[in-house]
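Undergrad: So the protein lines, in turn, are chains P and S. Everything in the first sequence is counted per our numbering, starting at 1 for the first residue and increasing by one. Everything in the second sequence is counted per our numbering, starting at 1 for the first residue and increasing by one.
Since the hints were made in silico from the structure, they are not lab data. From a predicted model like this one, the values you see are computed outputs, not experimental measurements. A few of these clues could be false.
Unchecked claim - Below, a sample of chain S positions facing chain P; criterion: calculated Cβ distance under 10 angstroms:
| no. | residue |
| --- | --- |
| 1 | Thr55 |
| 2 | Gly58 |
| 3 | Asp59 |
| 4 | Pro61 |
| 5 | Glu62 |
| 6 | Phe90 |
| 7 | Pro106 |
| 8 | Gly107 |
The beta-carbon is built from N, C-alpha and C at its ideal position, and this holds for glycine as well.
Next come the chains, spelled out residue by residue.
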Amino acid sequence: GESVGLHLPTLSVQEGDNSIINCAYSNSASDYFIWYKQESGKGPQFIIDIRSNMDKRQGQRVTVLLNKTVKHLSLQIAATQPGDSAVYFCAENMNTGFQKLVFGTGTRLLVSP
Amino acid sequence: EAQVTQNPRYLITVTGKKLTVTCSQNMNHEYMSWYRQDPGLGLRQIYYSMNVEVTDKGDVPEGYKVSRKEKRNFPLILESPSPNQTSLYFCASSSAGGSYEQYFGPGTRLTVT
């Protein structure tokens, strides 16, 4: 499959562990944030989003935390499974009056059985 | 099934030979966008379109053209490809209102020799 990043930061965990992936964003005026998952050979896939008026949002096995004070976003994955192995990207909407998503460079998550 | 399709998935071409990568979505989305993905640089926006006949440059538009004659289609045109356009390309679409979640196509791996 395609290589999306030869020099990405990598997080290695054991199956069943909880994973935390971090992201620093750039624009204090950004109003919306998304986490995407990209498996080898595929396009990015939506995981969870959060608006800037919230500081936490939970989905199925995933939680996103937003700290606007330090412009930091994190994705927590509970009970990580081998199928969670992928590259994870955060994206911020720059709030310029129309949709403008800016993506981070990504973190590779490796889950070993 | 709601999806974004791209063709071709893989293309090897030579410098200067015009090519078009097609993108089509079946979700009646107003907003469509093209990105390129390079190792260590993440996803960078090339061009976007807010609706039919409305297009604008993204962050890395040089060497590319787009058109939006129909709502569902948003082709990417390389009039005279060069080796520095070797990359992985993604088309994405989203609805104009509410969530800014972008749905991505499967990607087109382009190699220019």
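Undergrad: Are the hints correct? Go through all of them and say.
TA: The hints, checked one at a time:
1. Thr55: At 12 angstroms from the nearest chain P Cβ, threonine 55 of chain S fails the 10 angstroms test, so the hint is violated.
2. Gly58: holds, 9 angstroms
3. Asp59: holds, 8 angstroms
4. Pro61: violated, 14 angstroms
5. Glu62: Violated - the Cβ of glutamate 62 of chain S stays beyond 10 angstroms from chain P, reaching only about 19 angstroms at its closest.
6. Phe90: holds, 5 angstroms
7. Pro106: Holds, about 5 angstroms.
8. Gly107: For glycine 107 of chain S, the interface hint holds, since the closest Cβ of chain P sits about 5 angstroms away, which is under 10 angstroms.
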